[in-house]
Amino acid sequence: MGSTQHGSGHSSSTKLYWVFCAILSFITFIEWAALHFKESYNLNGGMVAAVLVVLSLIKFVMVVGWYMHLRYDIAMLKQVFIASTILITGIAIALVVIMTGEKHAMPKKATSYHLVPDDSAIQFG
Amino acid sequence: MSESGHHHIETYTGVDNRKFAMWTLIASECFLFGTLITNYMINRDRVITGPRAVEIYDINLTTISTFILLMSSVAMVLALHGCKEKNLKQFRTWTGVVILGGLMFLGCQVYEFTHFVHQGLGLSTSVFASSFYMLTGCHGAHVFVGVLWQLSILITSFKRGEKWFEPDIIEVAGLYWHFVDVIWIIIFTVVYLITYLV
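Going line by line, the protein sequences match chains L and P. Count along the first sequence from 1, add 972, and you get the number used in the numbering used here. Count along the second sequence from 1, add 717, and you get the number used in the numbering used here.
Some hints here could point you the wrong way.
[Claimed, not checked] Listed next, with one range per pair, are the computed distances between beta-carbon atoms:
id, chain 1, residue 1, chain 2, residue 2, range
1, L, Phe998, P, Gly824, 20 to 28 Å
2, L, Gly1073, P, Lys806, 55 to 63 Å
3, L, Ile1065, P, Glu879, 47 to 55 Å
4, L, Ser985, P, Asn734, 27 to 35 Å
5, P, Thr810, L, Ile1070, 43 to 51 Å
6, L, Met1048, P, Leu817, 28 to 36 Å
7, P, Leu817, L, Leu988, 21 to 29 Å
8, L, Thr1061, P, Leu742, 15 to 23 Å
9, P, Arg735, L, Ser985, 23 to 31 Å
10, P, Ile872, L, Gly1073, 47 to 55 Å
11, L, Met1048, P, Leu778, 37 to 45 Å
It should be emphasised that the hints constitute simulated quantities derived from the structure, not laboratory data. All C-beta atoms in this analysis are idealised placements derived from N, C-alpha and C, irrespective of residue type, glycine included.
Make the full structure from the sequences, and use the hints.
In structure tokens:
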């Protein structure tokens, strides 16, 4: 058993929060600008997407680690959150890969469709 | 429960039970939103009728709403700081800013949904539409609950007066609000931004 206590290492100053606020705002601006730069400079969409994912991860870590104070909390809380995040991320990636892979692997005949004359139903054939 | 909130509770984990329960809730919510996001990612191209994502998303509006939610997260952490410093004015002010930010975000979502419906993207227009509205609607519902929670805290602060400082309660409410923001960070990238790239 242990007494509850606020996590160690917490600063009483709000300066750090404002610094993080500025960083988060800047990253959000970069994410918005990335779409426009992609068109203007004809950048590779996949690469820009990868950069955006990394930027989002940075924002994710900053909010969870400092705003939610997980960085200063006990190991059990970190384990609960990190384990669930890793698990669902793995499941999500696996499902997306499997399902989109199946969609692309389906023969064209199975994906063709036509409308019946009275538009009451869609038939696949 | 003491009025000051400065009391140590003996627990098995060493953490306030309410805080531990909130982190457990957040872990379960990770699975909820993870499956909704996965569902969207799989079905985002499934459009037979109605507009496609690239034809209808307004990135400028979504960026603004993302910024608003981020700022409300900053306000939340400042409200908690005010509560811990027993600065009632700071606590109430920043809690009000959190509520305002949440309402503005919801307003942006309502406007976006209304605009989409007028463009021909209804809830059951296509599988993409259903996936999109389920994901963003579920998130919006979470924001709405968060706004109600913050409102109840603000009202309680006014009713109980200067004796009411409960940093443990505010911290738990803050965890919920920050998590809602974190989920939107992921949704903004995966749903809106990547649609134009991949």
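Comparing the hints with the structure gives:
At roughly 25 Å, the beta-carbon separation of phenylalanine 998 (chain L) and glycine 824 (chain P) lies within the given 20 to 28 Å, and the hint holds. Distance hint check for glycine 1073 (chain L) and lysine 806 (chain P): the Cβ-Cβ separation is about 57 Å, which falls inside the suggested range of 55 to 63 Å. For isoleucine 1065 (chain L) paired with glutamate 879 (chain P), a C-beta distance near 51 Å keeps the hint of 47 to 55 Å intact. Against the hinted window of 27 to 35 Å, the Cβ-Cβ separation of serine 985 (chain L) and asparagine 734 (chain P) comes to about 29 Å, which satisfies the hint.
In this structure, threonine 810 (chain P) and isoleucine 1070 (chain L) meet the distance hint of 43 to 51 Å, their C-beta atoms being roughly 50 Å apart. Range check, methionine 1048 (chain L) to leucine 817 (chain P): about 35 Å between beta-carbon atoms, so the 28 to 36 Å window is met. Take leucine 817 (chain P) and leucine 988 (chain L): their Cβ atoms lie about 23 Å apart, and the range 21 to 29 Å holds. Look at threonine 1061 (chain L) against leucine 742 (chain P): about 19 Å separates their beta carbons, and that is inside 15 to 23 Å.
Against the hinted window of 23 to 31 Å, the Cβ-Cβ separation of arginine 735 (chain P) and serine 985 (chain L) comes to about 26 Å, which satisfies the hint. The hinted window of 47 to 55 Å between isoleucine 872 (chain P) and glycine 1073 (chain L) holds, with their beta carbons roughly 52 Å apart. Between methionine 1048 (chain L) and leucine 778 (chain P) the beta carbons are some 40 Å apart, a value that agrees with the proposed interval 37 to 45 Å.
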